[in-house]
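S.K.: Please take these sequences and the hints and turn them into a complete structure.
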Amino acid sequence: MELSGHLLSILIFFPAIGALALLCLKSEDEYWIRRLTFVVSVAEFLLSLILLRVVAIGAQGYALTEYKSWISSPPINYHLGVDGISMFLVILTTFLTPICVLASWKGVHHRIKEFHVMLLLLEVGIIGVFLALDLFVFFLFWEVMLIPMAFLIGIWGHGRRIYAAVKFFIYTMAGSAFMLVGILWLYNLTGTFDLPAIQLTLQSAAFHLAPRTEMLLFLSFFIAFAIKVPLFPLHTWLPDAHVEAPTAGSIILAGVLLKMGTYGMIRFCLPLFPEASHRAAPYVAVLAIIGIIYGALVALVQPNLKKLVAYSSVSHLGFVVLGIFTFHTISMQGAVYQMLAHGISTGALFFLVGMLYDRRHTFEISEYGGLVKPMPQYAAFFLFVALSSMGLPMLNGFVGEYLILLGTYQVHWGWASWAATGVILSACYLLWAYQRVFFGDVTHDENRGLSDIDAREKWGLVVFAVITLWMGLGSPYFTRRVAAPVDWVIEQTKSKYAEEAVKPAAPSQPAALATTIQQDSPTRTVSR
Amino acid sequence: MTPSAADLIRVLPETIWCGFGVLLMLLQPFLKNRQGLTLFAMVGAAAGTLATYFGHMGSGFFGLIQFDTYSLFFHWLVGLVAFLVILASDSYLERENLASAEFYALILFATAGMGVLASAQELLTAFIGLEMSSISSYVLAGYRRDAVKSSESAVKYFLLGSFATAFFLYGIALVYGASGSTNLVQIASTDPSSNLLRLGLTLILVGLGFKVAAAPFQVWTPDVYEGAPTPVTALFAAGPKAATFALLLRIFTTIHAATDFWFWAFWILAVATMFVGNLGALVQTNVKRMLAYSSIAHAGYTLVAFTAVTTMKLDPNTGAAPAYAAVLFYLLGYSLVKVGAFTIVSEIGGKGESYQTLDDFAGLGTRQPFAAAAMTLFLLSLLGMPITAGFFGKFYVFKAAINSKLIWLAVLMTINSTIGAYYYLRVIVVMYMREHKGDVPAGAATGLSPTAAMVVVVAALATVYLGLLPNHVLGIVLSQNLILSAR
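The listed protein sequences correspond, in order, to chains A and B. Going by the working numbering, the letters in the first sequence line up with residues 146 to 673, in that order. Going by the working numbering, the letters in the second sequence line up with residues 30 to 516, in that order.
Simulated from the structure, these hints should not be mistaken for laboratory data. For clarity, every value in this text was computed on a predicted model and none was experimentally measured. Don't take every hint at face value.
Stated by the list, open to error - Simulated restraints, written as ranges between beta carbons of each label pair:
1) 225(B) - 212(A): 55 to 61 Å
2) 507(A) - 440(B): 53 to 59 Å
3) 621(A) - 395(B): 51 to 57 Å
What the hints assert, rightly or not - Using 30 Å as the maximum straight-line C-alpha spacing, the simulated BS3-like pairs for lysine-lysine come out as follows:
4) 312(A) - 251(A)
5) 518(A) - 251(A)
6) 466(B) - 380(B)
7) 178(B) - 380(B)
8) 312(A) - 466(B)
9) 251(A) - 466(B)
10) 312(A) - 452(A)
11) 466(B) - 171(A)
12) 380(B) - 185(B)
A virtual CB, placed ideally from N, CA and C, is assigned to each residue, including glycine.
M.R.: Structure (structure tokens):
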């Protein structure tokens, strides 16, 4: 069992080895390039499934940790670990990558080798982000992942691809540069980049972080994550990136990349800066709710199908952020679940929209209509996925939104009721779009002869449909595994501040901090 | 007062560089083979660098120079840069049909000057080093005599450079007036509140600020860098800049006078330089000129680390070692990357340096995959992306700044590196995401020449090595007795 000690490293670097192997192939060798990438990514997926067996249910803390010193000064260690939350996100990533290969089977015609190399390198970066436990290593993967993504958008994207790629790059880069300042500041305060060690130091009774410092640190991380999520009003890169990206890029972007932001909030913002998180929570929640409603309203009026799906992501991710910043077990479990569910259903939606583009080379809803006649199977799958995205019970979208709203309601009923309008709006924009695309007469002659889905597309969609159904019916399978780490995160956000609340008159405590605690206490002392 | 043998060995690298330079000029009539001359010059550059091995640590020539790990590091840096630049010039000189012996000799003389700068511990010695490197640089800048731009570059550099040198010299005079000495250690022990000393040091700062292209003394940089033969630009961007920074650091860390004063001077210089460089680079359409502006921006980043060094003295408890290390590591990574990037620009430029605009780089990803990939690596390093030297450089500078509680400076640097992302990215975008319009002109290069390719490979490997395994170099720059104090 020598290898199992390095399972996480293998997971991270296996796609890189695949990419190296690809480089050895000739660029004309299209047949083998696609097949090799597919085999590598499926093997990676199967490898990642081992995590399900290895990570114990109900255990707190990290499993399969790897620790190796890398740079001596400042001490940077190659520290990896996995828990219930990151496990599922890794599996989501490894699941979506072979789907991306399938989705670009026909859509990508030029520079095929480079395309697949970029796809695999992207996988390396994303999995690294989810598994890193050293802030420096985390940051490294966070930045490394940017380059292949920008290339995917910029080289294989549609019309305004270069604009979209540069915008995506600069937005994220701006955020992460602030995060770097935050990471270094944190290092300066604690003397380490190691996440668990930093957490211990920050929580130790002897250590006092001035509220202002904590807030600035919180913001330096939060802004980077909020850009990635994207939280209103930092979302403007997303529609461009999505619309211009090739199908595979959109699937990965919506499926996993956005989750890096919410994952970062759960993993870093909340446990490291509980005080600041609590203070910022009302504002964040309001922004999240604005995002939910605004995203849905903009999706409603989109003439472009892909942009519609992109804005629906803004709306759905708003739910996730809301679920995280209520500090409630149920809603946070819901948030984690929603991250997975959204990855699956939006991934499937982009896959479907991409198929339409492969056939007609347009995303304009007005170009379609009555597609149910030439493409009945496609229409059926589309309806199924749309229903799951809008949160029909028994399908995956329902569980996450329901849990988030349930938890939020117990903390702040006003937030929950505003957010709930997002659920209704999502039904509006998806069903209306569905009606315009699929029902009625065939309005354009060129649509009459459209071919229905072929075997490759069908199998991809069947897999999506099965998972959607399974996630909807078997949600305890997920929530059980997520529960312990979520509880732990919530525990972290409480512990120190509960201590301080008990002795608010501690002499070392600045008066301002004590007052904030008292003012904010109603939202904080919510029982689970 | 005769210098000991140990003293002579302490200046052995400079002696070898100068010796090989003279030999090159003597050999030229007899050795017609250009490659032979190149090889000879490279041997000279390497021999001088390796000669540092024999030097004993300590002060030489009665306190004129100081041979310590710090100067050793910079000797290696400038020697390596000279070696690579000579190798990269080989194909350039052939293409432009220029004489090579003088060219190489001048590079070696300039390198010797930089070596003196790195170990000078006395202001007049530093002045000699500065002049050795500057005068050779003026000639090198105008080496492509037929080109108007090259001549313009030389004249501009010469006029403004002499002006700056005058500032430096006048500063020395004032400092001497205040302290009665030109030796840094003795100057350090004079009354720090003396206004004369302050004024003198300010003038020195102006003179050296010019050489490192710190705003507001940077106006010459874009024109000179653009006009000079591209391998020379590579040299300018790497060697003299690093060596002048070495001297600047030595002066302002040895002389503790009026630390607050210097703190703000460096703070403002750093911010101004970063913004001028980055904003200027934003609007460039010529890649060579863009890289020139980017050099200004990087001087600004280095000055951020300088600012961190100056605060270290305020608080004796915090070791200044990490801040020093940041400067040294940054300069090393930056120099190698710049040499690599300018070499590619030189090769793509083709005959007469006619193809250096962004449009000429369009579609390079398909035309010359190797050059485009290497250029991408260098640009990403300049941008500070992980697994490159630039990332660790930026990281250590950030860390030094935050260590010294210069949060605002760090934030301003953050904003600047984001601005930088735009123009570095634009070159990558053009290379990979745009097709070349029309046919590739006849004079444009079809591939890197073997010598240039070697330089690029070395620079690229070094970039990745410093980005992945910086431990070894860090061990050197973090060593406890980096700067030997003569006291």
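S.K.: Which of the numbered hints are not met once you compare them with the structure shown?
M.R.: 2
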